[in-house]
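Taken in sequence, the protein lines are chains A and B. The numbering of the first sequence is the numbering used here, which starts it at 3 and goes up by one. The numbering of the second sequence is the numbering used here, which starts it at 3 and goes up by one.
Some hints here could point you the wrong way.
[What the hints assert, rightly or not] Every beta carbon over 10 Å from chain A, so not counted as near; a handful from chain B, in silico:
| no. | residue |
| --- | --- |
| 1 | Val5 |
| 2 | Glu8 |
| 3 | Thr20 |
| 4 | Asp24 |
| 5 | Arg39 |
| 6 | Arg90 |
| 7 | Arg114 |
| 8 | Asp119 |
| 9 | Val121 |
| 10 | Pro134 |
| 11 | Gln139 |
| 12 | Ala159 |
| 13 | Asp160 |
| 14 | Pro163 |
[Unchecked claim] Coverage of chain A stretches by chain B, computed from C-beta distances (three or more under 8 Å per stretch; other residues unrestricted):
| no. | segment |
| --- | --- |
| 15 | 18-24 |
| 16 | 32-45 |
| 17 | 69-83 |
| 18 | 122-128 |
| 19 | 150-163 |
Keep in mind that the hints were calculated from the coordinates and are not lab data. The C-beta atom is built at its ideal place from N, Cα and C for all residues, glycine as well.
2 protein chains.
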Amino acid sequence: MPVTIEIESIATVVGGHTVPADDFQGGVESVIRLDERFPLETLAGLAEFSHLEVVWWFSKASPSDVALHARSPRNNPAWPRTGTFAHRNHRRPNQLAVSHPQLLGVDGRDLRVTHLDAVDGTPVFDISPYFPVMGPQGEIRVPTWVSEMLDGYWAPADQRPGE
Amino acid sequence: MPVTIEIESIATVVGGHTVPADDFQGGVESVIRLDERFPLETLAGLAEFSHLEVVWWFSKASPSDVALHARSPRNNPAWPRTGTFAHRNHRRPNQLAVSHPQLLGVDGRDLRVTHLDAVDGTPVFDISPYFPVMGPQGEIRVPTWVSEMLDGYWAPADQRPGE
Chain A
3 MPVTIEIESI
13 ATVVGGHTVP
23 ADDFQGGVES
33 VIRLDERFPL
43 ETLAGLAEFS
53 HLEVVWWFSK
63 ASPSDVALHA
73 RSPRNNPAWP
83 RTGTFAHRNH
93 RRPNQLAVSH
103 PQLLGVDGRD
113 LRVTHLDAVD
123 GTPVFDISPY
133 FPVMGPQGEI
143 RVPTWVSEML
153 DGYWAPADQR
163 PGE
Chain B
3 MPVTIEIESI
13 ATVVGGHTVP
23 ADDFQGGVES
33 VIRLDERFPL
43 ETLAGLAEFS
53 HLEVVWWFSK
63 ASPSDVALHA
73 RSPRNNPAWP
83 RTGTFAHRNH
93 RRPNQLAVSH
103 PQLLGVDGRD
113 LRVTHLDAVD
123 GTPVFDISPY
133 FPVMGPQGEI
143 RVPTWVSEML
153 DGYWAPADQR
163 PGE
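Start from the sequences and build out the full structure, keeping to the hints where you can.
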């Protein structure tokens with residue numbers, strides 16, 4: 003039986019990207035601002051870490067975006083039809099995402115980061131330090147479509163068409 | 003203002019560890035069983051990936067375990083007092099966790115994995131493939147207490163005292 007729980011955002015993304023985008027996520031700084039209901043000491047020691055693991059909500063997406071089938075990523079027929087859970091986009095149940103921004107500094111409740119692919123205003127449900135020992139263990143393998151698709155993922159945002 | 007959402011489990015951990023533990027998480031296989039309400043094609047192509055990123059719930063924990071202060075990890079005074087969000091344990095708001103198990107195979111709705119540090123019966127809220135390009139970028143740094151604390155994290159489960 004499915005289990006339903008309520009979760010409450012603990013922080014918000016401030017600044018950085020303003021529009022969700024497939025690529026051009028690089029070269030942008032933003033802030034993850036911890037909610038004022040949390041004492042400052044809940045962040046003690048976090049600045050010693052280089053990277054965070056952040057669970058956030060695709061809040062710009064609509065529940066009707068969820069797609070429970072297989073399709074070519076980005077609808078590009080060059081790439082194989084793959085399922086909802088073989089993708090990382092917003093067309094998934096619960097519309098949660100996990101990102102691994104680099105932590106530049108901690109100023110009060112503001113975590114200054116780069117490499118955060120969530121837009122301004124995004125509700126954040128968890129923040130933790132990235133522990134390599136709890137990352138993937140052993141050799142990592144992905145199909146070729148992933149590398150082809152994400153070749154420009156961290157390209158600088160100011161090279162985005164229209165910027 | 004905090005944002006509250008409801009999330010519904012999409013899968014359940016079957017087998018593997020039965021008791022939450024700080025260490026001895028290694029050498030155990032388990033299954034992440036996708037709920038039957040999802041068509042099989044939502045898993046199409048997932049077997050091409052070596053690792054998953056899994057968002058799950060510390061369902062054995064109590065809401066009263068949440069600790070909004072700084073303390074020495076595992077209450078070991080040798081390690082510095084650090085805050086809720088500098089840890090990865092269950093004493094956090096929302097009591098969500100993220101793990102990166104290795105995917106051994108896909109049998110119908112059963113994802114056979116190893117290196118999954120969630121116990122039998124754990125509700126899972128998201129499953130995605132691990133994309134290295136969306137992992138931490140650049141050099142990763144952690145304070146020394148993390149490496150000291152987790153020296154035995156992936157030690158074989160059958161070496162756990164009492165097994």
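- 10 Å cut-off, C-beta based - Arg39(B) kept clear of every residue in chain A: violated, 8 Å
- Any Cβ of chain A at or closer than 10 Å to Arg90(B), or is the non-interface label fine? violated, 5 Å
- Status of the stated non-contact between Asp24(B) and chain A (beta carbon gap over 10 Å): holds, 12 Å
- Query: In terms of beta carbon proximity below 8 Å, does the segment 150-163 of chain A have 3 or more residues touching chain B?
  - Reply: holds (count 3)
- Message: Would the non-interface assignment of Asp119(B) survive a Cβ cutoff of 10 Å against chain A?
- Response: violated, 8 Å
- Message: Quick check: do three or more residues in the segment 69-83 of chain A have a beta carbon closer than 8 Å to a beta carbon of chain B?
- Response: Three-residue rule met by the segment 69-83 of chain A, so holds; n is 5.
- Item | Proximity test - 8 Å, beta-carbon atoms, the segment 18-24 of chain A to chain B, at least three hits | violated (count 0)
- Item | Consistency of the no-contact label for Gln139(B), given chain A and a CB cut of 10 Å | violated, 5 Å
- Query: Checking C-beta pairs, does the segment 32-45 of chain A have three or more residues closer than 8 Å to chain B?
  - Reply: holds (count 8)
- Query: Hey, does Thr20(B) actually stay past 10 Å from chain A on C-beta?
  - Reply: Holds, since 18 Å exceeds 10 Å.
- Non-interface claim for Val121(B), where every Cβ of chain A lies beyond 10 Å: Since the minimum Cβ distance to chain A is about 14 Å, Val121(B) lies beyond 10 Å and the statement holds.
- Quick one: work out the minimum CB distance from Pro163(B) to chain A and report holds if it exceeds 10 Å, violated otherwise. At roughly 21 Å from the nearest Cβ of chain A, Pro163(B) sits farther out than 10 Å, so the non-interface label holds.
Of the hints listed earlier, those the structure fails to meet are numbers 1, 2, 5, 6, 8, 10, 11, 15, in rising order.
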